[in-house]
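Engineer: What follows is the residue order along each chain.
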Amino acid sequence: MSSTPSSLIDLPWLPRLSANLRVRLQTVEQEGGDFGPSLRLLANQFLGLNEATSIARTLSRVRARGPSLSLSPFRLALVSNATTDFLKPMLMASALRYGVLLEILEADFGQAMQEAIDPASSINTAKPDAVLLAIDYRGLPFRSPGDAQWPAWDAHAALAELSAIRDGFRTHGSATCLVQTLPAPVELLLGSLDVGSPGTLRASVAQFNTLLVSDVATRGDVLVDVEWLAQCVGLDAWYDDRYWHLARLPFAQRALPLYADFIARVIGAMRGKSRKCLVLDLDNTLWGGVIGDDGIDGIALNQGDARGEAFRSIQLMAADLRRRGIVLAVCSKNDEAAARQAFRTHPGMILKESDIAVFMVNWDDKATNIERIAKELDLGLDSMVLLDDNPVERAQVREALPEVAVPEVGDDPSLYPRLLLAAGYFESVGITADDLVRAEQYRGNADRSRLMRTTRNLDEFLRSLDMRIDFAPFTTTTRKRVAQLINKTNQFNVTTRRYTENQVAALEESQQHRTFQISVSDRFGDNGIVGVVICAIGTTDWEIDTMLLSCRVLNRKVEEAICNRIVEDARRAGASRVIGRFVPTARNGIVKDLFQRLGFKSHSDSDGNERWVLDVDAFAPFDVPFPGFSAAATEH
Amino acid sequence: MNSDEIRTSVEQIAREVFDDETIVVTDSLGKDDLKSWDSLGHIRLITATEEAFGISFTIEEIEAVSSMGQLLRNIAEKTS
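Residue numbers (the numbering used here), protein chains in the order written: chain S, 6 to 641; chain L, 647 to 726.
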């Protein structure tokens, strides 16, 4: 029980439960204030059903006292052909691990279709953020009743049923569905012939998955690849038919924590909680041996040498992560010159110095260095993952910086890529063009801050950037990126309202809203879409529903340019006031004074809520460092 | 594992599953004596027992167990 398990079914990357959970939960219940951080900390350990049940119980008690500023709320409806009583607490506890406060709505057992197509059903009237369709092959009409012919199974009928359910929830509940690929059944009738014989269960499930994947890609919704999950665990271990017959448990109870974590990380990704930066140790993590002791010729990093190849696989994984937008940093207790020499001259190195956004190599403790890296990259600690072979360092960082994810990876480097990737820290619900160039942009930021140091004042610096700003309404092609920004921007975000892709799509068409996606480029590169504004437009008042900016473009007068544009458009539309609201969270202190800074005046409503009001006619546009900006605004 | 050790382990499991530190496992302790030992509680008790002892019960055994005495006997048989 105490040693680190090696099978993925037991989430080996999570530390095993250490402290007395019961006592710690009592403490959480007695403490006042935000329960989010302490519960999230407890959930960052391996939790079985008993522990998850205890956490869920505490959670329902403390959430009744008020919201958590550090957790993102998410309302999930659960629709299944199986028993969900155990899944519910497991999901709630697992979601905490990803910073999500889950509220679960349940459909009646076996009522998926009724819930979906009835506009007045409990789920449709509740308008959840998403509906999890936890339906396996036994819950879909693969085989028509009483059908005696061979072959008996029909993927299209099953797919049509699932499509109708999805359409129902989308139309009547405006909900995104989480749809699952289906694990193959274990039993074959013909043996190896099943896979190639249309109409066998094996072939039909495979066909169903292929069709479903392309359907979700074209029609929306979010895919959860349960087929892959079951294959990782092994189908023999995944299915336990005894408990299907006894209690309608869809898979072995032992797989429940992994399944729930797998769902929770997708929900986390929908809320923008995925991590953004991989921090790498050097000795015995990126190469075998200690560079300071073994020297550049002594470290294991060559093809043909088993250990060397294992370390090269880790580097290859890191390089691939960088390519899809994960920022890489190095954090090592080492001699910087020796470490850099390995990057520059060792022929076995796959990662190059230029792949690393921040190189923090010194003799200070790791926690301090990781904080420095986060600061330099302007990322939150909850965006960081540390890969380190040393269990003492891992424990120290986990203790000092509980927000940083530190996977338990054991001491065999050949397992590191599998364990790190299986942990799902970098889960994504859609890759955008911006993701693919992000790592480059972070390097651009480092270049810009270097220039900032050599330029005397801010205005001068900003003018020297040759910045260009563009405003455009939301479009279908950029929907993913807009939804991503809406869901992951925590700091420069005045209301922190989260919208799903479907809701963003509705805003594109809305006559009651004016939407802006804001792109900024400069002479170091194109930052892509970095800001989103949604205004609810009335005849006299324009109310800013959402105004957010990526932290990449802070301190560049972008907010002033946005303000100019909103007021200009409001004036043209005949409105007389622009209204702003600041909704405080644990992370958005940076915009506390934004409206005041932009010249809005504070008004208190009769209900005591603070509003910020800007008189359109009295507004004098800000002088902003975007050549051609005012021209662009007047052309509109 | 002798019968006392099995009893201690099962007591620990039952306390965790039913979230009740006062449970004392006697042979006669049955489904009717514990409010939380309902049908889902039963599944949790059995799956936790299977996992802790590394054993597997048949469907018939799972359905038949209605007291701790029966459960302890089944475990003893499978672990001897």
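Some clues are possibly wrong.
[What the hints assert, rightly or not] Only some residues are given here: those of chain L computed to face chain S with a beta carbon under 10 Å:
(1) 648
(2) 665
(3) 675
(4) 701
(5) 702
(6) 704
(7) 708
(8) 718
These are computed hints drawn from the structure, not numbers from a lab.
By construction, the Cβ of each residue, glycine as well, lies at the ideal position given by its N, Cα and C atoms.
Engineer: Each hint: holds or not?
Structural biologist: Going through the hints against the structure:
Against a cut-off of 10 Å between C-beta atoms, the interface hint on residue 648(L) is violated, since the closest Cβ of chain S lies about 20 Å away. For residue 665(L), the interface hint holds, the least distance from its beta-carbon to any beta-carbon of chain S being 7 Å, beneath 10 Å. Against a cut-off of 10 Å between C-beta atoms, the interface hint on residue 675(L) is violated, since the closest Cβ of chain S lies about 19 Å away. Nearest Cβ of chain S to the Cβ of residue 701(L): about 13 Å, over the 10 Å cut. The hint is violated.
Satisfaction of the interface hint for residue 702(L) is found here, the shortest Cβ-Cβ separation to chain S being roughly 8 Å, below the 10 Å cut-off. Look at residue 704(L): its Cβ gets to within about 8 Å of chain S, closer than 10 Å, so that hint holds up. Evaluation of the residue 708(L) hint against chain S yields a held restraint, the C-beta minimum of about 6 Å falling below 10 Å. Contact between residue 718(L) and chain S, as hinted, is not supported at the beta carbon level, the nearest pair being about 20 Å apart and thus beyond 10 Å.
Consistency with the previously given hints fails for numbers 1, 3, 4, 8, ordered from lowest to highest.
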